[in-house]
Structure formats: C-alpha cells, structure tokens
Amino acid sequence: MLKDITFGQYFDTKSIVHSLDPRIKILLLILQIVFIFITKNIYALLLAFLFVLLSVIFTKVPIKIYLKNFKAILPIIIFTALINLFYTNEGKELFGFWKLTLTTGGIYKAFYFALRIVLLIAISSVLTYTTTPNDLTDAIERLLSPLKILGLKNAVHTLAMMMTIALRFIPTLVEETQKIMNAQKARGADFENGRLKEKINALIPILIPLLISSVRRAYELAEAMECRCYSVNGDRQRMKILKCSAKDLFAFLFCLIFCLGIAILNYLF
Amino acid sequence: MQPILEVKNLTHTYDESTPFSFDAVNDVSFSVFQGEIIGIIGHTGSGKSTLVQHLNGLIKPSSGKILYNGTDIWEKPKEIKKIRSEIGLVFQYPEYQLFEETVYKDIAFGPKNMGLDGEELDKRIRDICSLLEINNEYLDKSPFDLSGGEKRRIAIAGVMAMNPKVIIFDEPIAGLDPIGRKSVIKMIEDYRKRYNATVIIISHNMEDMAQLADKLLVMNKGKLIKFDTVANVFGDDQTLKSIGLNVPIVTKVFSNLKEKGFPVSKKIFTIEDAVSYLLELKERGEHFA
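Sequence lines, in order, name chains A and B.
Take 0 as the starting number for the first sequence in numbering that gives the first Met the number 0 and just add one per residue.
Take 0 as the starting number for the second sequence in numbering that gives the first Met the number 0 and just add one per residue.
One or more hints might be untrue.
[Claimed, not checked] With a Cα cut of at most 20 angstroms, we get these calculated SDA-like pairs of lysine to any residue:
#	chain 1	residue 1	chain 2	residue 2
1	B	Lys77	A	Gly187
2	B	Lys77	A	Asp189
3	B	Lys111	A	Asn181
4	A	Lys13	A	Ile56
5	B	Lys81	B	Leu138
Hints in this document: simulated from the structure, not taken from any laboratory.
Let the sequences and hints guide you as you build the complete structure.
This is the structure we're talking about:
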C-alpha cells in the first residue's frame with residue numbers, strides 16, 4: 000500500500016539521464032512542463048507523448064514503476080476526465096439524459112486532459128527517479144543563487160537545507176508509518192474495514208505516534224547539527240562541484256527539437 | 000503432541016520483480032510447542048523481524064505456510080484479526096506506538112479491538128496490571144509523562160492485555176537501563192507462568208538468551224542455520240563465530256580456562272550456573288587457582 004508510492008524516490012539504474020547535470024534537468028523539466036501545457040491540439044500532445052515515452056525509456060527505470068505511480072493518482076485522472084466528458088458541449092451529440100450530454104467533443108477533451116496529466120506526472124517522475132535528493136537541492140540552491148545579490152543569501156541556503164531535510168525524511172517517515180501501522184494492527188486495529196467515520200478514527204493511533212516521533216526526530220537532528228557547529232551564516236565549500244558536459248548539450252538540443260515540434264504542430268492545426 | 004505453531008518452508012521476497020528484489024526469509028521451517036521459550040538470534044538484516052511478522056499474519060508469505068494449532072492462519076483471511084489476538088507481537092521500541100491520553104486507555108486499545116467492553120474490559124486491564132505490578136496511580140497518567148522504561152512496560156502490557164497464547168517480542172530490552180531490563184524480563188516470565196504462554200524473543204543479548212530461552216533459532220541471511228537447545232547452540236561456538244555471533248561472555252571465560260588447562264569440563268552459559276559449578280568444584284576439593 001504505502002510502498003506503492005514511488006513518486007519522489009530515486010532509482011539508481013545508472014542511465015544516461017542519471018549522469019546529466021541536475022541543474023539542466025530541472026530547467027529542462029520546467030521547459031517541458033510549459034510546452035506540455037501549451038499544446039493546443041491532440042497532434043501536439045501525441046508528439047509530447049512520444050517524447051515523454053522516449054525520456055522514460057532513456058532512464059532505464061522499469062515502466063512498471065512509473066505505472067505504479069498512476070495507480071495512486073487514478074482518481075484524479077478519472078475525475079478530470081469525467082468532468083470534461085459531460086461538461087463539454089462541442090461536436091455531435093451522442094446521447095443525453097437529465098442535464099448531462101455526451102458529445103464527441105467531450106470524449107476528445109476527456110482523453111486530451113487525462114493524457115496531459117499522465118504526461119506531466121511521468122515527466123516529473125523522470126527527474127525524481129534519476130536524481131538523488133541531494134543533487135536536486137544542490138541544483139535548486141545553485142539555480143536560485145541570483146537571489147543572493149538581493150541580500151537573500153541565507154534565505155536561499157535555508158530553503159535548500161529545508162528541502163534536503165524534507166526529502167531525506169520522506170522514506171524514513173514512510174517506513175515509520177508502516178511500522179506504527181503494523182504495531183497497531185498487531186493490537187487488533189483495523190484500517191481496511193468499517194464505515195468512513197470508523198476509518199477516520201482508525202487513523203488516530205497512527206497519526207499521534209507519527210507526530211510525536213517526527214518532533215522527536217527534529218529535535219535530535221537539530222541537536223546533531225548544532226553539535227557539528229552548523230549555522231546558516233558563513234561560507235561553505237562544496238564537496239561536489241556541478242559541471243555541464245556535452246551530454247547536457249545533447250539533452251538540451253533534444254528538448255529544443257521537441258519544443259519546436261510542438262510549436263509547429265500548434266501553429267499548423 | 001501437536002505443535003502450537005508450525006512454520007513450513009516459509010519464504011518472503013521483498014520488492015518482487017523489481018531490480019531490488021531479495022529474499023528476506025528463505026525456506027525456513029520449524030515447530031514451536033506450547034509453553035516453550037524460543038530465542039531468535041542473528042545479525043541485523045538476517046530476517047528475524049520479517050520472520051516474526053509472518054507469525055501473526057502482518058506479512059503474507061511469498062510461499063510456504065504458518066500453521067497455528069494445525070490450521071493455516073491464512074485459510075480464512077477475514078479471521079486474521081482473531082489470529083493477531085491469539086499470537087501477540089510486541090515490536091521493537093513499542094513505546095513509540097503509545098497514543099492515548101491515559102495509560103489505562105492505551106492498555107485498553109487492544110482488548111477493545113477484540114470486542115471487549117464494560118466490566119469485562121475493566122477487569123481484564125486490572126488483572127493484567129496487578130500481574131505485571133503496574134501501580135493503579137499510573138493508570139490515569141498520560142503515557143507521555145512516563146520515563147522510557149515505564150513507557151516500554153505500558154506498551155508491553157497493552158499487548159499482554161489481549162491475553163495472547165503465543166507472545167512474540169522483537170528486542171524487548173534494547174535501549175533500557177539494567178533496572179528496566181530486569182523488570183521487562185520479569186514481566187515476560189510472570190506472564191508466561193500465569194497463562195502457560197509460548198514466548199518467542201528476538202534479542203542480541205546472549206546472556207539474557209541463555210538465561211531465558213529453552214531453544215535458540217539462529218538466522219543468517221534469511222536462512223535458518225540452527226534450531227536447537229541453548230546448550231547445543233552455544234556449545235557449537237564455531238558455527239556462531241562463522242556468522243559473526245558470539246556466545247555469552249561467561250561461556251567464553253570457561254572455554255578459555257579449559258584451553259589454559261584448568262579442570263573445567265562443563266559448558267557454562269549463565270552466571271548462576273557458573274557460581275554453582277564453581278562451588279561444586281570447591282566442595283569436591285579440586286584446586287582452582
């Protein structure tokens with residue numbers, strides 16, 4: 000159940016995507032998301048689909064793992080599709096009852112928006128699956144470094160440190176939740192059956208211990224960091240210096256072709 | 000005699016059909032009889048915790064069976080809750096699972112989930128508290144105001160209040176001070192005596208194992224290496240050494256004495272045994288410099 004959530008995890012399959020500069024990966028992700036959003040017609044979206052599929056294959060992470068992701072957000076996809084299916088009044092009317100009408104335009108739109116969500120999730124997963132949390136926050140800190148000129152130096156570093164810690168603790172908290180759930184199950188707690196109110200009540204024995212242990216962990220971590228003289232002020236050197244290489248240039252060109260393709264298809268149809 | 004718990008060819012594979020797949024438990028079979036105390040020893044990551052979580056149905060085996068009183072615990076998946084009340088499991092650091100406002104309510108959580116209420120529930124809690132020497136004044140306190148050792152005792156009482164026939168402990172004394180250790184071990188012994196319960200304990204502390212357990216089960220890399228009496232397992236220190244485990248210190252002392260030529264022939268596993276054995280030697284008038 001919980002272990003099915005693969006979003007935000009890192010899979011070390013050592014592909015070419017893994018070896019790209021994380022800064023480039025973040026910038027390209029933003030570029031791709033923008034272009035997936037501005038697709039105007041199904042042809043452009045299908046091109047985006049092809050491109051995302053290629054990126055997914057390049058990561059060498061099994062497709063199964065991507066699919067697991069969609070299981071979690073399936074309700075959102077279905078909801079979006081249904082809304083679009085019945086609230087679009089374009090094209091030929093197929094049948095209607097009460098206030099709802101089903102039109103060919105509705106079917107087209109439902110498919111279009113569902114596919115768009117799938118693509119956005121998949122392309123975001125490409126980034127998180129292939130980049131370690133540390134690389135990711137390092138890259139964000141570097142990308143935000145222009146803000147330092149505005150006197151926000153500490154703010155940038157604090158933000159990056161907060162993100163590093165948050166990302167670092169996602170797996171820990173998932174594991175902890177699983178442990179607490181098992182412990183309460185061993186005491187006869189039931190999370191699967193019962194009505195909604197019972198199900199919500201059943202969460203209390205998980206949430207309270209989880210909250211307490213998070214606070215405890217935060218204290219411990221803060222103390223450990225202070226023991227090592229951590230402070231947000233002060234200049235520090237980096238152990239790993241990010242460098243762009245020829246691969247990054249190729250990735251950039253690859254994305255550029257995709258963006259051009261979408262722009263052309265948007266214009267043509 | 001029919002074993003109360005029987006594990007047959009149990010295998011558990013984590014992350015099946017992904018690049019990370021590995022066998023946490025690999026083809027393990029053993030039987031436990033009523034009233035026995037079984038100790039499980041093995042290195043971190045040897046599959047001990049995964050193994051015991053199968054015994055009360057928290058994890059479903061990838062293959063193999065667990066029989067409780069002769070019936071497969073997964074025969075009727077809907078009745079797994081009942082199995083969990085008959086086979087109690089106390090997790091590592093159980094104090095992290097406390098959540099209620101008062102100690103009384105927290106101990107009541109398990110029995111309540113079993114369907115007890117009213118006077119029956121109250122009697123059950125009073126009974127277990129008097130058995131485990133948990134003072135009445137504790138019951139109205141918040142569990143979060145207690146010390147670490149006291150929290151541990153309350154959490155263990157919460158599982159014992161369900162009156163399980165088999166009770167499993169994952170590292171029950173880890174991280175406790177000597178007084179805390181003693182009181183937890185006493186709880187386990189008192190509970191077992193009162194209900195003639197079967198006890199399974201995972202521990203890294205060989206001294207406590209030698210003192211408590213009847214039989215030891217040795218795990219290494221998901222496989223069962225040895226399942227035998229304490230004397231036979233600690234007697235074969237070569238096997239233990241080869242997987243990086245130790246015998247109790249007093250056993251080591253005596254085997255070193257023997258190597259140095261002292262007239263100690265018996266294998267000793269606990270301090271108490273050592274004392275009585277030395278006194279015996281003295282009475283027989285053997286010289287023991």
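Hints, verified against the model:
1. At roughly 13 angstroms between alpha-carbon atoms, Lys77(B) and Gly187(A) fall within 20 angstroms of each other, so this suggested pair holds.
2. Using a Cα cut-off of 20 angstroms, the hinted pair Lys77(B) and Asp189(A) holds, with the two alpha carbons roughly 11 angstroms apart.
3. For the hint pairing Lys111(B) with Asn181(A), the CA-to-CA distance comes to about 17 angstroms; that is within 20 angstroms, so the pair holds.
4. The hinted pair formed by Lys13(A) and Ile56(A) meets the criterion: a straight-line CA distance of about 13 angstroms does not exceed 20 angstroms.
5. Simply put, Lys81(B) and Leu138(B) have alpha-carbon atoms about 27 angstroms apart, too far for the 20 angstroms limit, and the pair is violated.
Checked against the numbered hints given earlier, this structure breaks only hint 5.
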